[in-house]
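Top line first, the protein sequences correspond to chains B, S and A.
With our numbering, the residue at position 33 of the first sequence is 33, and numbering never jumps.
Take any residue in the second sequence, count from 1 to its spot, add 1000: that is its number in our numbering.
Take any residue in the third sequence, count from 1 to its spot, add 2000: that is its number in our numbering.
Honestly, the hints are just simulated from the structure, not real lab data.
Certain hints may be false.
[Stated by the list, open to error] Result set (DSBU-like, lysine-lysine): computed pairs, CA atoms no more than 35 angstroms apart in a straight line:
{"#": "1", "chain 1": "B", "residue 1": "Lys45", "chain 2": "S", "residue 2": "Lys1221"}
{"#": "2", "chain 1": "S", "residue 1": "Lys1315", "chain 2": "B", "residue 2": "Lys313"}
{"#": "3", "chain 1": "A", "residue 1": "Lys2301", "chain 2": "A", "residue 2": "Lys2045"}
{"#": "4", "chain 1": "A", "residue 1": "Lys2045", "chain 2": "B", "residue 2": "Lys260"}
{"#": "5", "chain 1": "B", "residue 1": "Lys221", "chain 2": "A", "residue 2": "Lys2045"}
{"#": "6", "chain 1": "S", "residue 1": "Lys1230", "chain 2": "S", "residue 2": "Lys1301"}
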Amino acid sequence: MKRTLLAAAALMAFAGVASAQSSVNIGGILDVAARSVSNPGGALKTLSPDGLQTSRFIVRGVEDIGGGMRASFWLEGAVSVDSGGGASGGAPGATGGGHTWQRRSTVSLSGSFGEIRLGRDYTSTFWTHVLFDPFNLAGVANQANLMTSTKMATPVNSGGTTLLRANNMIGYFLPGNLGGIYGQFNVAAGEGVTGNKYIGGRLGYAKGPLNVAFAYGVTDKTGTMTDDMKAWNLGGSYDLGFMRVLGQYHNYSSGGRTLKNAMLGAVVPVGASSFKASYSRSGDFRAATQLGLGYQYDLSKRTALYTTYSRVKNKAGADFTASGSGRAIAATGAGSTGFTSTGYEAGVRHSF
Amino acid sequence: MKRTLLAAAALMAFAGVASAQSSVNIGGILDVAARSVSNPGGALKTLSPDGLQTSRFIVRGVEDIGGGMRASFWLEGAVSVDSGGGASGGAPGATGGGHTWQRRSTVSLSGSFGEIRLGRDYTSTFWTHVLFDPFNLAGVANQANLMTSTKMATPVNSGGTTLLRANNMIGYFLPGNLGGIYGQFNVAAGEGVTGNKYIGGRLGYAKGPLNVAFAYGVTDKTGTMTDDMKAWNLGGSYDLGFMRVLGQYHNYSSGGRTLKNAMLGAVVPVGASSFKASYSRSGDFRAATQLGLGYQYDLSKRTALYTTYSRVKNKAGADFTASGSGRAIAATGAGSTGFTSTGYEAGVRHSF
Amino acid sequence: MKRTLLAAAALMAFAGVASAQSSVNIGGILDVAARSVSNPGGALKTLSPDGLQTSRFIVRGVEDIGGGMRASFWLEGAVSVDSGGGASGGAPGATGGGHTWQRRSTVSLSGSFGEIRLGRDYTSTFWTHVLFDPFNLAGVANQANLMTSTKMATPVNSGGTTLLRANNMIGYFLPGNLGGIYGQFNVAAGEGVTGNKYIGGRLGYAKGPLNVAFAYGVTDKTGTMTDDMKAWNLGGSYDLGFMRVLGQYHNYSSGGRTLKNAMLGAVVPVGASSFKASYSRSGDFRAATQLGLGYQYDLSKRTALYTTYSRVKNKAGADFTASGSGRAIAATGAGSTGFTSTGYEAGVRHSF
């Protein structure tokens, strides 16, 4: 929930002047959990951010410029609640130093034609990861746990900077009145920087209980990259009323290698409670599976308590862990026979 | 003074909707002074931040979640007014690069049981330093001037990261209705980082003119630390009407060595003016004394002019200086016979 | 346009309390453009910030402290819309990591005597650059393109940190009621840092269609500097109604060398459109000229579309480019015979 700092409204109530179209909103999410992750080499207890949703600080606004047109801006940066730091927003777990606007910094013009958006933004291929994951791509049962590996040099790492977001992006978004069809198209200027150049699109359909989307993107070979990285994915959810089922499939390929990841999940709401589960599989030649179980209790629309359990099983040679976005424990002792990593956390998410 | 950006209020006045419980507050303190510090090696004139109070930028809010419960958040970072930089909040004088939320970043749940607070926060043993110092632990007469020394490798430095604040903290605070008794208890996860693991508590009593508090904390031996650091302190103040007297005592020990610091102070308000004095003594084997004299004139509740003088006398081997949180001048020429460091500043503090 | 988050107004409308003098304002400018810069070595296409105006995020406020006096503060940092980073504010094109308040962080007391301002602020000699440039010292036709050169070690670079702003500054500004006369005087404490110590002043006259200003400043020889840097400049504009003409002249000298830059420009408003042109010349021994042409269309007072063209002609030995504040392309291939650099961009500027 974003608080609308409606200057115009305040002034109007006060002095009968100003226009109602202008507003600056300040909002965000702060999420922090007590977490324990166990690998063969040992266990690490942490207070970590982002168990249920990724923490963020947002300043945004919309201007009505007439003729059905709007200009708007969006500045959003990460917040590491455990340390007071910001995070790059690029790499999961990066809790660098200062505050940035690297989660999103965009200026948009929108109207009946849709929206044109300029700046740093999410790539088209990112959205499937988070929107069709019962765990919101956060915490120990994060669907992306099966994508972050020290042994997986290619293909995903080769397009690292465009996995979630890209700098220098021009985006076009379809208008909202197409009978359930939605979509976007993105181009990011490479500016001569390795792994920066991206082109991608996304098309989806959301009506009634159904929501499905397909996305495709290419990160251009630049600098030290030896081959383009091609990514496509498919995600969907269906609301049965008593339960929402979700699924997603990803295919990342580069240099003759392919990473295939799949996930099935479900969310069962019971009053203010939600029960969640997901099962993920990495189809890389270094394969692993992840089971996630979660419980969420909404104290209000803005504030929730939650607890999550996750178990990652690695086949020989793989080293995926259930570390989420907190401080990681190295999977030492991960030999040639595979190993299991388990994560557990309990926390609170507050949005403002 | 924090400005309440009461979106709810604005909307209610405007359109008769929304609830009154939600708010985001933006506030802070900006404090800057012309300062001169003289050591045997020379004098340094600076424009320095934080002569009367530490500069900060705060975003915070409270949500009423019903049943007498509240959820709240607090994001606070340092501001180096002289350079436009942020500061780590950990080390005095660190004016690093960018803005952070390292002064405090917490999420809380509170009710009749008290408050549970998660994130980066002040340690229990910190509060005595600032609350019972006429100079608010800031400026050239800062009580902590006698704690920062290049020659004092142990015991204080050994627990450096927990002296003021700690990452990864879980805190419990007593409710406010215990007849004057207040207190808190804190545990910080070490996460395998040297000097990060902390456990501490604080108990106080404030009623009428009296306020006293005792705190104890242990920074666990980790990584390169060879011994735990134990800290305890006692502080108090009594308001005689025409004058408020204050005092504090600190005992930091580690590896067989102990640092004992004591301070006595007074504040005499006369209309919009306040006259202040403090005398501090470091009982470390490298001992020093500090005399602080100050005058503050309140232009309003939010804005004050002030001037402060400080004189630090070092015995042989000690190198404490009156440098406060500004750019430091090295105490070159500090030989085996001891030396005197003097500081003087005049500035303005504005809170918003 | 800054949004006034008038807490006082909101509260007054809501509950009839609080005073009307207090306010915190949040505002800024976000500007981003698709840009292409061509040098002999090649062309670089970028999405770059700051084509029409420099992007920024501002928090500021004013307090009426009675007796005609006001206390105020101003925190302003750069925003790299293309990457979500902040910028140092010192060097054009620096898109460093995190958000800072390095564009300006000041506390002021003002009244009928004028204004006293403390903190990091613009130097007196900066203002001529931006106020009398049709392109606002931004984008590919930025007047300062002829000042940034890898081959121009002195004199400008020798006073680099004070070219735009200075840390540790005490400033005095004349009051606004002197019949059109305006001015300021600034002193920045060096604090022993090379190139940090500055003293300067500015005097101007603005009445009816006329605005002229003269500024002079000295950056003291410190540390590795071998000589003081002296700067003076003169700027003016005259509004003919159908057209505004502008001009500026700069003289930077240090160590026996002098850089002389001159610019003539014009802005022709036609309804919501503005046509702009400027011609600049660097009188350094490594000389160059720049021609800038621009078109701006105001969608509203806050939002504008624009496009700009620029051509820099270098004589033998010079390497000035039309790179503005975006990612630069090296002028490889710039031989002994001189070369031409061209820039083109189209973008949007949104203020809030």
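Right, here's what the structure says about each hint:
The hinted pair formed by Lys45 (chain B) and Lys1221 (chain S) meets the criterion: a straight-line CA distance of about 16 angstroms does not exceed 35 angstroms. Simply put, Lys1315 (chain S) and Lys313 (chain B) have alpha-carbon atoms about 63 angstroms apart, too far for the 35 angstroms limit, and the pair is violated. Under the criterion of a C-alpha separation no larger than 35 angstroms, the hint pairing Lys2301 (chain A) with Lys2045 (chain A) is consistent with the structure, at around 29 angstroms. The hinted pair formed by Lys2045 (chain A) and Lys260 (chain B) meets the criterion: a straight-line CA distance of about 34 angstroms does not exceed 35 angstroms.
Under the criterion of a C-alpha separation no larger than 35 angstroms, the hint pairing Lys221 (chain B) with Lys2045 (chain A) is consistent with the structure, at around 16 angstroms. With a CA separation close to 39 angstroms, the supplied pair Lys1230 (chain S) and Lys1301 (chain S) exceeds the 35 angstroms bound.
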